[in-house]
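Since the structure of chain A is provided, determine the placement of chains B and C on it from the hints.
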Amino acid sequence: MATRADEMTPPPDAQAGRAVLAATGLRKRYGRGDGAVDALRGVDLEIRGGEIVAVMGPSGCGKTTLLHVLGGIEPADAGEISIDGTVVSRDERRLAGLHRRTVTFVFQGFGLIPSLSARENVEFPLVAAGVPAGERHRSSLAALADVGLVEWQHHLPEEMSGGQRQRVAIARALVPNPRLILADEPTGNLDVATGEEVLDLLITSARRRRCALVMVTHDPDAGARADRILSLRDGVLVNHTEDLT
Amino acid sequence: MTRGVAAYTFRLLLRSPGRSLALIGGLSLGVALVVSILFFVESSSKQLTQTAIAPVPIDMVGHATVPTISQRQVVGAFRRQPGIQAVEVMDAVDFTTAARPGGAQKTPAGKLVAVDPSFFQSFDVLKVSSGAFDPNGALVTEATATRLGVKPGDTIAVSIPALAAPYQVKVTGIVDASRAQMLFLSTDPSKQGEYQVVTDMVVMDRSLFNRALRTALLGAASAQPAPNATGGAPVVDQQQLIRIDRTALPGSPAAAQTRVKTLARSLERQFTGQIKITNNLGDALGSAKGDALTAKILFIFLGLPGVALAVFLARYAGELYGEAQRREIGLLRARGASSRQVLGIAGLAAGVLGVAGAAVGLGAGTLVTVLARGNNALASASAGTFIGMVPWALAAGLLMAVASSFMPAWNAARQNVIDERRRIKRVERAPFWKRAWLDVGALLAAGVVLFLLNLSGGFKPAGGEGQTLSFSFYLFLAPLLLWIGLTLLLQRLLVKVIPLFARSAAGASSGFGQVAARSMGWRANRLTSAISVVALTLSFGVSLALFTSTYNAQKRMDAHYAVGSDVRVTPALGLAQPAGLRQRLLVPGATGVTAVMRDGSAVVGSERHVVYGINAAKFGSISYLPDSFLVGESATTMLSNLRATPNGVLISRDLANTFSILVGDPVLVRLSTGGGAYKDVRLKAVGIFKQFPTSSQDSDLVMNRAFMAQARGTTAADFYLVRADGTQAGATRVANEIKPLFGSTAPAQVQDLTATLATDQSTLTSLNLSGLGSTERIFTLVIAFAGFGIFLLSAIAERAKEFSTMRAIGAAPSQLRRLLAIEGGSIMVFGLLLSVPVGFIIARVLVTLLTSIFSLPVSGVSVSLSPLLILFAVSAGGLLVALVLTAQALPRLSLGTTLREE
Amino acid sequence: MRAQTTSMPRAVPAASLMPFVIVDDVFKVYREGDVETVALRGASMTVQRGEFVVIVGRSGSGKSTLLNIIGGLADTTAGRVTVAGFDLARSDEELRAMVRSKHIGMVFQADNLVPFLTAEENVALPMQLAGRADAGRRARHLLDELGVGARHGHRPEQLSGGEKQRVAIATAIANEPELLLGDELTGELDTMNTDAVLDALAALNARGMTLVIVTHNMRVARRATRILHIKDGLIEESEAAHGDKS
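Protein chains in written order, with our numbering: chain A, 1 to 245; chain B, 1 to 902; chain C, 1 to 246.
Bound conformation, chain A alone (with noise of 0.2 Å):
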């Protein structure tokens, strides 16, 4: 289990100060007419290398939209997405290119492919990307040794707790070396005990290999532990430390 110590790790300085993604002016509404929602009306961020950012906020407030209009799963309606220095939402293959290659994603419900092994789901990237088998299963090895799950490599998900799923859905989401991993209430599907370790597992892992990390989170223990907090009420960021109480 990581330490505090490694957690106070100040970011590196390579990529300090200098932003993996930014955003400005993101706008994205669902439905149209008397029915239509906003679910973000114009938010402006930028995310730092190596920083470990939480996005709180009430329920239906626009958290995991953000998410999704950030890593490209959902294009958004108006603003600009830059992914180091590079607009890219005005593009969507080159969006999805650079998005590929910088960002990853942990989702609440591990989202692990059911009919593969846990090395194949964390293969998985690798395949899609073209990378050349004998690279794929050294890389795909190590990452499932940096979460601890080698001997369960051979195993399908259906057979493995929730902790060890959303284990083997960090390593998936680390294996690519991203700049940015995007989570999505990684601790959401856990119980209590089981998601803290996976927090820390989370948070070490990216403080280790110094890749950034937005989480969105209920949980006020994680957002304790972030770099920065995100605020988002009703579609907007309302200031960067909201008290929850």
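Quick caveat, the hints were computed from the structure, so don't treat them as lab data.
A quick note: this is a predicted structure, and the numbers were derived from the prediction, not measured.
Mixed in with the good hints there might be a few duds.
Unchecked claim - Each computed EDC-like pair below joins lysine to aspartate or glutamate, with the alpha-carbon atoms no more than 16 Å apart:
1. C:K231 to A:D191
2. B:K170 to B:D134
3. B:K261 to B:D283
4. B:K127 to B:D116
5. B:K684 to B:D665
6. C:K231 to A:E196
Unchecked claim - Covered stretches of chain B (in silico footprint by chain A; criterion: 3 or more residues with CB under 8 Å from a CB of chain A, positions within the stretch not fixed):
7. 509-515
8. 809-818
As the list claims (entries may be wrong) - Label pairs and their calculated CB-CB ranges:
9. C:D232 to B:L833: 51 to 57 Å
10. B:G388 to C:A110: 50 to 56 Å
11. B:A797 to C:A110: 18 to 24 Å
12. C:E94 to A:H154: 46 to 52 Å
13. B:A797 to A:E159: 25 to 31 Å
14. A:D227 to C:K231: 26 to 32 Å
15. C:E94 to A:H137: 57 to 63 Å
Cβ atoms here follow ideal geometry from the backbone N, Cα and C, with glycine treated the same way.
Just chains B and C, lined up with the frame of chain A:
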């Protein structure tokens, strides 16, 4: 049922049109198949009726049973009867002989008939071939003219027992009476009900007959002591020849027969005790009746697997919406709906869908029928046909709606509501058939049926032409049971085999191939359904194609057997044949001719048997003699054995069994030498046959023609077999070349392959199965296409989250399409591969059942490649289209929605 | 501590002295393949008539399961649940359907409405299922009361999240249940819509309806007369409730 339930149901159906239409589509497919089959049954039935009555020249014949009846009165009454098209009277008198006055040549006994001039327009049984029908003279048949050497203008004297002196009349023309066999019932009590073949006839005008002969004959008759008391014919046989309106007859032979019988009875009733009607049409329809029933059941059983597939498909389509349905039912129950209300909604919905599916299916079935068999496929259909199909369509639609729509709802309603809302993965219990081992049971049952069939000695090859078949219809259960058993067994095995296969495939591949293999192993259940739908649908098509090609091959083989070769030429009996006939028969197109001698009254032991004499050197190359006709030896060997043994004889298996004759045994045969004389010959059995193409009916013994000619002291051949090129067209060409060789002076019967195929139609062999084949080919394609498409769409729908996750973790849309293509492609390939053995097994069993229809035993499945290749090409094309279309749906997945956590 | 119980709209039998909802040592275990998930492990609670109880807990704490069990939508693995004097854990589906129809209304986080029915038809549905003649008129009236009368002819897909949930509440209370169960019913709503829904709930409670709502939104919890915490399948009574129904 409350108004609330009804209102909810109708809103459900109307406001989720996609779902309703998908289900109606699935249901209507099944209904359409039923309807198409019914159309085919209907038109086949009609075809059987038509072919049964086509050769009947005179529909009914009335015979006066009292001499004093007024023909005019009877004809008048008959003509007024609705449904009667024409009535002609004919008076007939037996004559003992006819001759030229003072001439030496005499005819055998014959008939003198008197008709009105209108007779020749009403019926075409008598045709004036030269000269004219004159009110003051008479026509004679070609045979009579030839025998007596008379021509128009000559006078002949006709000896009639009741007259003191022969009646002299002037010949004014020659009449072709070859179609007149049905005019006279045999007077021989031992041949009751059979027709009397009369070659010598004198035909005169009734006005002349009435003037010159009637009074004398009737006077003589009354002078004789009660000529009718013993049942013999009156001196003057007063007949009414009746033609009915055949277009008004119902399509089915049974209904037509009933109609005709009723008509005959109502005619008889008008002259009770004075007129007896011989119902030729009714008799012909009677023999078609059994065939029609057999055909009907055959087609229904051929189509049933298709209907079962359609049900499966409808159910499959229903499952696409299973999730939405379960959610709605959960919501209904959360809102306080009782189980009865939920079931009421499900039942009402199923009812409406079933009726709608039936209506659409009725239209679609009609459309497919027209597409497959052309516009005239419906020509025989009347409004009544459609109305008759409505209950069937409704029953099929409702049954399928219950299976596809109601049953899933019922299952959902029984489950705990909360489990639906939590979407807990349901632990699937093995389906009922699996637990009950229904697949193995069905296969065993099919085996038992086939075993019993074998045990009872199989079907006896049909002896006579036109015989009515009596089927045990449970035999048709065998292919159906086999099909069901194979279907289920296939599923049981596939579920086990697919994961194994996928595992080794995954081990052997890497990258997306591996991902696809893992995915397939994971979804073995789903994949099994999809492969089964494709494989079974195609095997249905394959088995039908094989069945049809075997039927056609068998039909041709039967025809070849009946003819003996491509063309059989039988010169008229007892007439001098043109010199060098055999050489002259070698017309252009003919590749060989051989003469065959026949002795119909030879005696073996104490029984009369038929002996054929063949030229063993040539027979093999001219006739069709497959090895399967023979016992223990090939045709070549057996014929060369016969050739090497001048007094050799081939014996039918039946005869050999009866007399315990083995090959090498001596056989004593008394050959007839004419005029009641016999000559004993000592023959040696050199072979035993099951069938021999000298005759499909009475080939008992076959010996060398030279030896037979020598023994009987005559070289005259009884018929000739002419080989063309084996095709129908070739046979027809050769037959047409041959016919003109025989003038009216020496008529001959020329029987060719085509005519045999076309006219040998009082049996089931006459049916044209190609219509059925193309109808069901369309359904094969549609069902395979729809089933595959539904599988792919549901794969995308239920894996939306998985596909979206893959996208989110780096897979490009093209990579997902590749994944889908690998899975879809595997289904296609597996389905196509499996369809061949399954289709072949089913076809083999179907063909076994055919044995009863044909004269010859069916030796195996005839594989005709082109229909199979077409089937595969078209199906593979359809599946590819489905694959491409569904792959297009992939990029439209809304990632944001599917990835949103609950 | 607890708000005054307002008078009930119906005659209350002697049994009313009994708590309206009793959950007694309830266990619930889900089996998914070989994995067992224990959702409730000896949960106990009682709710009196007229209370506005909020159950707070993290996701996965078993709060939705608890609510479904109270609503008779799920079986208990062990333990006893009584609602309005009916022992739900031991009754058959028909009796549960009757209890749901007569005594309980339920609102879930989402998917509350039949997608192909209009707002008015959705509200009318439970009344029609119960055979009420004035379903249409009363549905319109309920929608008006909840401030969504203008949207009566719209289908769920045409409604905003707040409107959907208010229609869902109208549907849940259509048959005048004594108990309304809400499962994270403001989970997908923004602040403004959440307040609108909470106002509607408060109004119902003021008229005597018993409310049991599970949530992790503190904004909802502030309206309660009593707060229970659920953690890892066990219920703990909160030290204090706000009790201010503003």
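Now for the hints, and whether the structure bears them out:
no., hint, verdict
1, C:K231 to A:D191, "9 Å, holds"
2, B:K170 to B:D134, "10 Å, holds"
3, B:K261 to B:D283, "9 Å, holds"
4, B:K127 to B:D116, "14 Å, holds"
5, B:K684 to B:D665, "6 Å, holds"
6, C:K231 to A:E196, "15 Å, holds"
7, 509-515, "holds (count 5)"
8, 809-818, "holds (count 5)"
9, C:D232 to B:L833: 51 to 57 Å, "54 Å, holds"
10, B:G388 to C:A110: 50 to 56 Å, "52 Å, holds"
11, B:A797 to C:A110: 18 to 24 Å, "19 Å, holds"
12, C:E94 to A:H154: 46 to 52 Å, "48 Å, holds"
13, B:A797 to A:E159: 25 to 31 Å, "26 Å, holds"
14, A:D227 to C:K231: 26 to 32 Å, "29 Å, holds"
15, C:E94 to A:H137: 57 to 63 Å, "58 Å, holds"
In terms of the numbered hints stated before, the structure departs from none.
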